[in-house]
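From first to last, the protein sequence lines stand for chains A and B.
At position 603 of the first sequence (counting the first as 1) the number is 603 in this note's numbering, and the numbers step up by one without a gap.
At position 112 of the second sequence (counting the first as 1) the number is 112 in this note's numbering, and the numbers step up by one without a gap.
For the record, the hints were derived by calculation from the structure and aren't laboratory data.
Among these hints, one or two may not hold up.
Claimed, not checked - Pairwise CB distance ranges, derived in the manner of DEER restraints:
| no. | chain 1 | residue 1 | chain 2 | residue 2 | range |
| --- | --- | --- | --- | --- | --- |
| 1 | A | Met573 | B | Phe438 | 30 to 40 Å |
| 2 | A | Asn541 | B | Pro642 | 25 to 35 Å |
| 3 | A | Pro570 | B | Pro642 | 48 to 58 Å |
| 4 | B | Arg448 | A | Lys536 | 46 to 56 Å |
Unchecked claim - Here are the simulated lysine-lysine pairs, DSBU-like style, with alpha carbons at most 30 Å apart:
| no. | chain 1 | residue 1 | chain 2 | residue 2 |
| --- | --- | --- | --- | --- |
| 5 | B | Lys450 | B | Lys243 |
| 6 | B | Lys484 | B | Lys440 |
| 7 | B | Lys562 | B | Lys484 |
| 8 | A | Lys598 | B | Lys598 |
| 9 | B | Lys450 | B | Lys484 |
| 10 | A | Lys484 | A | Lys598 |
| 11 | A | Lys598 | B | Lys450 |
| 12 | A | Lys536 | A | Lys554 |
| 13 | B | Lys232 | A | Lys616 |
| 14 | A | Lys450 | A | Lys559 |
| 15 | A | Lys450 | A | Lys484 |
| 16 | B | Lys450 | B | Lys598 |
| 17 | A | Lys484 | A | Lys440 |
| 18 | B | Lys562 | B | Lys536 |
| 19 | A | Lys554 | B | Lys598 |
| 20 | B | Lys554 | B | Lys536 |
| 21 | B | Lys559 | A | Lys598 |
| 22 | B | Lys440 | B | Lys616 |
| 23 | B | Lys243 | A | Lys616 |
| 24 | B | Lys554 | B | Lys528 |
| 25 | A | Lys484 | B | Lys616 |
| 26 | A | Lys559 | A | Lys528 |
| 27 | A | Lys598 | A | Lys562 |
| 28 | A | Lys562 | A | Lys450 |
| 29 | B | Lys450 | B | Lys562 |
| 30 | A | Lys559 | A | Lys232 |
| 31 | B | Lys440 | A | Lys616 |
| 32 | B | Lys450 | B | Lys534 |
| 33 | B | Lys616 | A | Lys598 |
| 34 | A | Lys440 | A | Lys243 |
| 35 | A | Lys536 | A | Lys440 |
| 36 | B | Lys554 | B | Lys530 |
| 37 | A | Lys559 | B | Lys484 |
| 38 | B | Lys232 | B | Lys440 |
| 39 | A | Lys536 | B | Lys616 |
| 40 | A | Lys616 | B | Lys616 |
Treat the numbers as computed from the prediction; the structure is a model and nothing was measured.
Beta carbons are placed, not taken as given, at the ideal position from N, Cα and C, and that holds for glycine.
There are 2 protein chains.
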Amino acid sequence: MLKDNYIMAFFTFAGINLVLATCAGALCAYIAPAAAGSGIPEVKAYLNGIDAHSILAPSTLFVKILGSILGVAAGFVVGKEGPMVHTGACIANLLGQGGSKKYHLTWKWLRFFKNDRDRRDLITCGAAAGVAAAFRAPVGGVLFALEEVASWWRSALLWRTFFTTAVVAVVLRSLIEFCRSGNCGLFGEGGLIMFDINSTIPDYNMVDLLAVTLIGVVGGIFGSLYNYLVDKVLRTYSRVNEKGPNYRVILVIIISLLTSCCAFGIPWFTTCVPCPIGLDADQCSTVDRSGNYKRFHCPPNHYNDLASLILNTNDDAIRSLYSSVNENEFRTSTLLVFFLAMFTLGVITYGIAIPSGLFIPVILAGASYGRLVGTLLTSVSNLDVGLFALLGAASFLGGTMRMTVSLCIILLELTNNLLMLPLMMLVLLISKSVADNFNKGVYDQIVRMKGLPFLEPHAEPYMRQLVAGDVVSGPLISFSGVEKVSNIIHSLRLTSHNGFPVVDEPPFIEAPELCGVVLRSHLITLLKGKIFTKDKRLTGNETLRRFTATDFAKAGLGKGPKLEDLDILPTEMDMYVDLHPITNTSPYTVVETMSLAKAAVAFRELGLRHLCVVPKTPGRPPIVGILTRHDFMSEHILGLYPGIDEHK
Amino acid sequence: MLKDNYIMAFFTFAGINLVLATCAGALCAYIAPAAAGSGIPEVKAYLNGIDAHSILAPSTLFVKILGSILGVAAGFVVGKEGPMVHTGACIANLLGQGGSKKYHLTWKWLRFFKNDRDRRDLITCGAAAGVAAAFRAPVGGVLFALEEVASWWRSALLWRTFFTTAVVAVVLRSLIEFCRSGNCGLFGEGGLIMFDINSTIPDYNMVDLLAVTLIGVVGGIFGSLYNYLVDKVLRTYSRVNEKGPNYRVILVIIISLLTSCCAFGIPWFTTCVPCPIGLDADQCSTVDRSGNYKRFHCPPNHYNDLASLILNTNDDAIRSLYSSVNENEFRTSTLLVFFLAMFTLGVITYGIAIPSGLFIPVILAGASYGRLVGTLLTSVSNLDVGLFALLGAASFLGGTMRMTVSLCIILLELTNNLLMLPLMMLVLLISKSVADNFNKGVYDQIVRMKGLPFLEPHAEPYMRQLVAGDVVSGPLISFSGVEKVSNIIHSLRLTSHNGFPVVDEPPFIEAPELCGVVLRSHLITLLKGKIFTKDKRLTGNETLRRFTATDFAKAGLGKGPKLEDLDILPTEMDMYVDLHPITNTSPYTVVETMSLAKAAVAFRELGLRHLCVVPKTPGRPPIVGILTRHDFMSEHILGLYPGIDEHK
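Given only the sequences and the hints, what does the whole structure look like? Please build it.
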C-alpha cells in the first residue's frame, strides 16, 4: 500500500467520526442540554427528591438514545452504560406521568403512579433495567440501583427492581437467541455473559495476594486522581459550555479530532508483531472486519497490537484485555501507551455535549493497567494476565465510583468467574478505602458540581451545635383556614415556595392554632374550582363534592397547573376560600429548640419536602417557619454561621 | 448378610442417633432454651429493636454451636445455616458488649460499640458472616443480611457487611486450601462452590419456560403449605415445651426415633437398581463410606437409590439431586417417597429443642420435587433433571422464605451457573408471589408466633383512621427538671417503663414546658452518683464533672445497672436531684392529632424507642404521653378499638 492511501484512510476515518460527533453534539447542544454526560448523577439527584424538569423530559430521552449511539459510533472513549441508566429512568418517568400528552401517548391506568413514592419506585426500576441491559447483569442492575442510585430503600423496592431486571434478562436472552444466526451484526456477541473468562481456574498464593493488594492501592490512587481530573475538566468545560450551544459543538469537534488523531496516529509509531503460530490468516492480521489481531500498517502475517486495542470497538478491546488465550498478545509498552491514552481521553471526553458513560473508559484504563501489572509480574505470580486485567478494572471502578457489592456482582456477571470472588472483593474494598481518603465518588462530585441540593444520608457534625430555629428563614407567609383569594394570589406571586402553613384563627377557634400545610399546586387547583364565598365560611363539603382525589394527583415533571392560567375576576378577589379540605393536617413538626442534626435526620429518613418548626413557648404564633431541603445545605448553614467549626 | 445383622445395624444406627439427639436436646432444654430453632427470627427481632437478653447471651452461643453439631450428626432433617447466622450474631454481640465479664474475656477498645447503632451494625455483620460461611457465599451473605435480617439500611452498613464477608471468603478459601490434602474429613468438599453444576449449558425454549412457571406456582403453593404446617406444629410443640425441660427432651427423643425409623425403614421397601454401566465397584454400590451409590441391602453391583439419598449427608444428597451426570440415577417413585419424607420430617422436626435450620430441609424437599418434575417431563423439556432440581429448590425457598435477590445470589454462589439466572429469577418471583397470597414468610410467622413486638416496615391501613392521641396509654408518669429522689425511686419501682418525660416547672420557668426524655438506665446511674441537694437547685456542672460519657454508655444485653443495686439512705430520699444533664432535650415529638399511620412511619423510619406526644391546644400539661413500640402493635390497637375495620 502507498502512503497516500493511509492519509486518505485517516481523513475518511476522522471525517466520519467528525460528522457523527457533530450530529451528537448538535442534538445535545440545541435540543436537550440535559442529555449530555452520564445521566446517573441526575437520576440520583431526582431520586433524592430534586424535581428538575428537564432531567427526565421526553426530549432528553430522544437525544440520549440517538446521541449515545452517535457518540459511541464516533469513536469517543465513552460508555453506553450511564446513558442507558438515564434512558431507563426517562422511559419510567414517561410511564409514571401517564405518557406524554404533547406526543399523544397517554394511558389511563398509569394514573396510579401520579404520586411521589410510586413514581420514585418506577424510576428506580428504570435505572436498574438500564444497568441490567447495558451489562446483561440483572442482579447487578438491582444492586446498582439500590447501592448507588436510590436514596430510600424499601423491601418492596427490592422486589420490584428484581422483577424489572428479570424481565430484562428474559427479553435479552430471547433477542440473543434470535440473533444467534448473526443477522443482528455484533449484537449478542458473547451471549448473556459478555466477557466470559470462566475457563481459567485461579490458584493463588501469598505473593498473589500481595500483588492484588498492590493493585487495589494503586487503583484507588489512580481512581481518585481520575475523579479529581474529571472535576477540574468539567469546571473548565462548563465555562466554555455556558457561552452558548455553538461553543459546545466546537468543543465536541475539537475533542473528536483529537480522539481520531490519537486512535489513528499512535499505532503508527509502534512496531509490528508477528502473528502467533497456529493462527491462520483468517484470524490474525485482519484489515477490514471485527477481530482481535489488526494488521493496520504491518506486513502480512504481522499485527499491530496497539491498533488491535485502540482501533477496535470498546467491547472487543475489553474482551482482548481480559483474554488469557495468548499471554503475549500485547507488549508492555503497548499496554502503557494504551493505558495513558485511555486515561487521558476518558478524562477530557467527559463533560462535552454528548451522552457519555463513565464505566467503559474506567474499565478500559483499569484493565490495561491491570494487564500491564500482570505482564510485569508474570515471573512471580500464578495468576494469568487476563485475571490481572479484571482485577485492574475492578480497582479502577472501586476507586472512581466507590461502590462495593454492586460492582462485584456486575463484574461477576460480566465475566462469569465465581472463583475470583474473594480477590475481587478484596480489590474493591482496598481501592475504595484508599480513594475515600482523597475525595468523593465521581457521581457525588458531579452532583455537587452541578449545584443540585442533594441531601446526604447523614447529618453533618456541625449541625449538632445548632437548633432548628437557627436556620429557619423568614419572613414566613401563612394562610388562615378560610383565606381571602387576593391574599393567596398575592402570596403565590410573591414567593416561589411550594408549601404554606395554614393557621386556624378566631372566630373558628379560641386561639390561633397550626392546622397544617397546603401545597402550591393544590392551592392553584382549588382556586380554579372557584368555590368562593362572600364571607368567612366553611365550604368543605362542597369542595369534596366538586373535586376528586385525582384532581390533586401530582402532575408530571413541570406539568402542574400554573398560576398564570388562573382567571380570577376582580370581584372574586375580595371573596374567601376554605383551605381546610386541601390542608394536610398531619404535617411532621419539630420544636424550634430541636437539634438541627436530629431535624436533618428526620427530614432525610422520612423523605420530607417540608418540615414545620413550631415554637417552644406558648403565646406566640403557632408556627415559626418551614424547613426545606435548601435549609439543610451546608452552603446555606455555613453562610449563616461562618464562624462554625465544620468538623467538630 | 443375614437379617439379624440388619436389625443390629438398625439399633446401632438408631442408638447413636438417639444419644447424640438427647445430648443436643438436653443442652438446649436445660442450659439455653433460646438456642433452639433456627435463630434467624430472633436475630431479626433483635435488629428490629427488641432487646431480649437471652437471645444473644454467651450460653446461647455455646449451646448453639455444640447443639447444632450434635443435631446435624444425629441425622435430623435440619440445617446448619440458621444456627450459623445465630452463632455469628452471638459472637458479634459478645464483641459488641466489650467481651464477657463473667468469663473474663474483655477488651477495652470494644467500648466504641456501646451504643445501639454500632452494636446493631456489628450484629448485622455477624449474621452476614454466618450465611457467608454456611453457604460459602460471601455476596449472598451480604444480601441475606440486608434483605431478610436487617430492619434499617444504611449505605455504610452495606460496606461493612461486605468487608466482613470478604474476610470470611478469604479465611474459608485458605482453610479449603489447607484441607485439600483430605486431612479435614469432609470439610472443603466441593471447594468454594458447594454444588458446582456449571458444566451444563442450558438451552431452553417456550415449553421449558412453561414448565418453569409451573414449578414456580406449585413450589409457591407447597412453600406456603410448609409455612402453614410449621406454624401449626410449632404451636402444638410449644404447649409441650411449656411443661418443662424434661418434656422437651422427651419430644426430641421421639422425633429422633421417628427419623431413624424413616431413614432406615423406608429404603427397606424399595427395590434395587443395577449399577450404571461404566462405573466400577469403587464408585457404585458402596457400603461403608461417603459416596453417591449406596448398596444398603442390595446384591453386589446394585444400589438402593432411596438409601443413597436418605442415608447420606444432607450435602451429598443435595449434590446428587443437582447432578446431571446420570439422569436415571433416581426413579420417580424414589423421588416421590424422598420428597414426602423430607417434607414431613422437615415440618415435624422444626420446633423441637435443638438448633435447627430451615434451609436444608426446604432445599432437600424442593430439589427432590424439582427432580421429580424434571423426570416426568424428560420427553418434552430440553432442561436436564439436575437443573430442574435446582429450580425446584429455588421455588420452595421462594415459597417459604419469600426472599428474592439474596436467594438468587446464594443459589448462584452455591451452583456457579450464571446462565440459569433468568430462569432462577423467574421461579423465585413466581413462587414468592403465589405464596404471598396465602400467608407470611416463615421467619415473620415465627417472630409473630413468639409474640415478639416486631415493627413492620409499613403502617397498617386502619392506622389512618386513628390519631396518635387515641392509642397513648396513661396515666403518665413524668419528672420535674429537679426532682425529689423518693419520687424517682418510687416511679422506677412502680413501672417498667424505660423512658420518662422531664417537664420544667416553675420556679425555673414561667409555665410548665417539656424539657425532654430521660432513660431508666441513665436515672439509675445518676442516682448512684448521689449528687443530691437539700433544696431545688441546678447542679448540672457538678454532674458533668463527676460523670463521663462512657458511664452512660449502653451496657450489654441484660447487663445495665439495676434498681435493686441502689443504696439510698432514708435521709437522701427527701433530697433533690437535677435531671437536666442526663435529659435528651431533643426528643422527637408528634402532636396528638397527628395521624397514627404517620406517627408509625416516623417511629419506624427513625428507629425510635420513645416518641413524645404533645398536646395540640395550649394550657394543658406539656406532654400527653409517650408512644412506645407496644402502642403500635395491632393487638394493642385492635384491643382498644375492636370495632375498627382492619383492612380499610
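Going through the hints against the structure:
no. : hint                            : verdict
1   : Met573/A / Phe438/B: 30 to 40 Å : violated (60 Å)
2   : Asn541/A / Pro642/B: 25 to 35 Å : holds (30 Å)
3   : Pro570/A / Pro642/B: 48 to 58 Å : holds (56 Å)
4   : Arg448/B / Lys536/A: 46 to 56 Å : holds (51 Å)
5   : Lys450/B / Lys243/B             : holds (16 Å)
6   : Lys484/B / Lys440/B             : violated (50 Å)
7   : Lys562/B / Lys484/B             : holds (19 Å)
8   : Lys598/A / Lys598/B             : holds (18 Å)
9   : Lys450/B / Lys484/B             : violated (40 Å)
10  : Lys484/A / Lys598/A             : violated (37 Å)
11  : Lys598/A / Lys450/B             : violated (34 Å)
12  : Lys536/A / Lys554/A             : holds (29 Å)
13  : Lys232/B / Lys616/A             : violated (53 Å)
14  : Lys450/A / Lys559/A             : holds (23 Å)
15  : Lys450/A / Lys484/A             : violated (40 Å)
16  : Lys450/B / Lys598/B             : holds (27 Å)
17  : Lys484/A / Lys440/A             : violated (50 Å)
18  : Lys562/B / Lys536/B             : holds (26 Å)
19  : Lys554/A / Lys598/B             : holds (20 Å)
20  : Lys554/B / Lys536/B             : holds (29 Å)
21  : Lys559/B / Lys598/A             : holds (28 Å)
22  : Lys440/B / Lys616/B             : violated (39 Å)
23  : Lys243/B / Lys616/A             : violated (55 Å)
24  : Lys554/B / Lys528/B             : holds (16 Å)
25  : Lys484/A / Lys616/B             : holds (26 Å)
26  : Lys559/A / Lys528/A             : holds (16 Å)
27  : Lys598/A / Lys562/A             : violated (35 Å)
28  : Lys562/A / Lys450/A             : holds (27 Å)
29  : Lys450/B / Lys562/B             : holds (27 Å)
30  : Lys559/A / Lys232/A             : violated (36 Å)
31  : Lys440/B / Lys616/A             : violated (44 Å)
32  : Lys450/B / Lys534/B             : violated (48 Å)
33  : Lys616/B / Lys598/A             : holds (22 Å)
34  : Lys440/A / Lys243/A             : holds (29 Å)
35  : Lys536/A / Lys440/A             : violated (55 Å)
36  : Lys554/B / Lys530/B             : holds (20 Å)
37  : Lys559/A / Lys484/B             : violated (61 Å)
38  : Lys232/B / Lys440/B             : holds (14 Å)
39  : Lys536/A / Lys616/B             : holds (24 Å)
40  : Lys616/A / Lys616/B             : holds (13 Å)
Checked against the numbered hints given earlier, this structure breaks hints 1, 6, 9, 10, 11, 13, 15, 17, 22, 23, 27, 30, 31, 32, 35 and 37; the rest are met.
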